[in-house]
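Kindly generate the complete structure, drawing on both the sequences and the hints.
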Amino acid sequence: MEEDIKTKPEISETSRKALNTKKTWFLTIAVTSGGFVCGIIVGAILMQAVLFKMTIKEFSRRGFKIESHIKKIQENLDLTNEQVEKFKKLLEDHRKNMEAIHKNVRPMVETELESFRKKVEAILTPEQAKKWNEQFKEKMSQMLPPLPPPPPERFKNTPPHHFQGGGN
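Numbered per this note's numbering, the sequence shown spans residues 1 to 168.
Just so you know, the hints here were simulated from the structure itself, not pulled from any lab data.
Please note that the accuracy of each hint is not assured.
What the hints assert, rightly or not - Result set (EDC-like, lysine to aspartate or glutamate): computed pairs, CA atoms no more than 16 Å apart in a straight line:
| no. | residue 1 | residue 2 |
| --- | --- | --- |
| 1 | Lys139 | Glu110 |
| 2 | Lys71 | Glu82 |
| 3 | Lys137 | Glu114 |
| 4 | Lys131 | Glu121 |
Here is the structure:
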């Protein structure tokens with residue numbers, strides 16, 4: 001009698017397969033859900049980065065100068081020289097604020113992406129992981145290129161009389 005209590009009950013082969021199927025199913029759901037949640041987080045963070053990149057691109061694209069932008073606004077709104085100077089200062093402050101936001105967000109994006117990459121790598125075979133890492137690295141270089149350099153210092157101290165039009 002004592003012997004019967006100590007022995008483990010045998011699990012049938014069918015039950016064992018059913019348990020393995022349930023484990024596989026659960027693991028598949030867990031990994032898929034985790035990937036989905038990571039995708040949402042990464043997508044939200046990257047959206048912020050892309051919006052910032054678009055703003056910076058607009059300010060740094062070839063041919064675009066702060067002076068020409070301010071000049072157009074000055075002409076359209078008939079700004080005084082004092083208003084032009086205030087607008088220019090505001091534009092410069094805005095650029096600095098956007099850069100600061102991007103510099104703060106980017107490390108969080110990179111940390112989340114690295115965490116995601118490692119989690120995906122953990123479920124792949126070594127061959128799959130190698131291929132995944134190559135593809136991931138390529139995508140990240142497209143999505144998160146190096147930060148742009150700050151604009152030239154020559155735009156900082158342009159006197160208001162440099163602009164044509166507008167009254168005092």
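Against the structure, the hints:
no.	hint	verdict
1	Lys139 - Glu110	holds, 13 Å
2	Lys71 - Glu82	holds, 13 Å
3	Lys137 - Glu114	holds, 10 Å
4	Lys131 - Glu121	holds, 10 Å
Checked against the numbered hints given earlier, the structure satisfies every one of them.
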